[in-house]
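Student: One letter stands for each residue in the lines below.
Number of protein chains: 2
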Amino acid sequence: MAIDVCEIRVLFFDVLGTVVDEAGSAADEFERAVHDATGQSGHGKPLAATWFSECTQRLNSILGGESWAPLEEINRHALATAVEEQGLTVDASALDRLALVTRRLRPWPDAAPALRALSGRFTLAALSNATTAMLAAISRRGALPWHCVLSSELVRSYKPDPVVYAMALDLLRVEPEQSMLVAAHPWDLRAAAAKGIRTAYVARAGEGAPEPTDAFDVEVDDLTHLARTLIE
Amino acid sequence: MAIDVCEIRVLFFDVLGTVVDEAGSAADEFERAVHDATGQSGHGKPLAATWFSECTQRLNSILGGESWAPLEEINRHALATAVEEQGLTVDASALDRLALVTRRLRPWPDAAPALRALSGRFTLAALSNATTAMLAAISRRGALPWHCVLSSELVRSYKPDPVVYAMALDLLRVEPEQSMLVAAHPWDLRAAAAKGIRTAYVARAGEGAPEPTDAFDVEVDDLTHLARTLIE
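Protein chains in written order, with the numbering used here: chain A, 1 to 232; chain B, 1001 to 1232.
Don't take every hint at face value.
Claimed, not checked - Computed beta-carbon distance windows for the label pairs:
no.: 1; chain 1: B; residue 1: P1210; chain 2: A; residue 2: R121; range: 39 to 47 Å
no.: 2; chain 1: B; residue 1: A1166; chain 2: A; residue 2: R9; range: 26 to 34 Å
no.: 3; chain 1: B; residue 1: A1166; chain 2: A; residue 2: D96; range: 23 to 31 Å
Since the hints were derived computationally from the structure, they do not count as laboratory data.
Here the structure is a predicted model, which is why all the values come from computation and not from measurement.
Heads up, the beta-carbon is just placed ideally off N, CA and C, and yes, glycines get one too.
Modelling step: build the complete structure from the supplied sequences, incorporating the hints.
Tutor: Pasting the structure below:
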């Protein structure tokens, strides 16, 4: 590592995809729900993929200047569109329940033990595009030992908008170089690095891989590996 | 109890005085610091009491219309005034360190076990006049299993301003009657009740006692008693 770990006081963690298996949790719930409603199999993964792509488009529109909406609302609209695109019929109340999958996302198996290990040494803050309500639900279900959770909704924007990282540094009264963002998405890490925040890339299948031009401070296979790297 | 516990989803907790022993932690640190600097004993408790009263005055001025300042800043100024009022001489860097006692406040002995017991059944949110940085530090040192921490700084005000309780309900997407505030201060509980939030008074020596006209939903001796009452 090119950095001095002793300097670091706060670890910010991306949550969706990095700490919890967003794509897998959603695909499994969608698969069960469509099967229960129609008897058909094999819809879970494509529905989750379409849903995710719809959500990303809407977030990009907001980052491009459209008016802000909370992530729950975006998720619900995107799911309705995805269901229609997949040629499925799901009634409104079932859609409401399904959209709340985002409060039931399961942590990757390495997440809770690694966070517990890191919690003695660092202040651990979730820094996520999920809402505070989603983050609290995910923390409770997954027994994730955050010291605080910071949603981008607090500044009515979304990562990678620089105001989100600035808000996190400000609320935790920490200098950028005393903090590190842990994330599975290179776009998130690049935006944090632009603010002077240290970066740790965690490989998660399907969540994105660094470009040759990326130079993250730490690159690890999972959060167990991160804990080993930062605590030794 | 006059209320249906099954309705309640979120427990908001006041932190300073209710979950952590603010007065005792401060008195002990002040006692040690003054003794180390001057050899004199017996200054801890009066210094903590004067400090606390200065802080309260400043918070009241802000609630009365003066411009908002973060609690760390208020604490630091109030401590300087208290030290002077007590006729003590403490240099600026020692004052800076002492003022940070608010990041080292120790939980009451019943707090962490009771929160762990309640965390399986309810969403647990700190709702405090402490800053996010203070709350994160207190959570880490005391191993307090919050699912999220909400500081009144997010709305640049202080409890008992109604906007603070409204912010908490909004961020957790919860109806007032589905939530309960747990606090050792009747003034805090009265303000929450005015918003429709359920109330649990926890007796903590020196933190205030209900008036005959108060009618809180639950009154308990400590957080162990609260957990027993809400989980049974």
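Student: For every hint, state whether the structure bears it out.
Tutor: For each hint, the structure was consulted:
1. B:P1210 x A:R121: 39 to 47 Å: 42 Å, holds
2. B:A1166 x A:R9: 26 to 34 Å: 32 Å, holds
3. B:A1166 x A:D96: 23 to 31 Å: This hint holds: roughly 25 Å between Cβ atoms.
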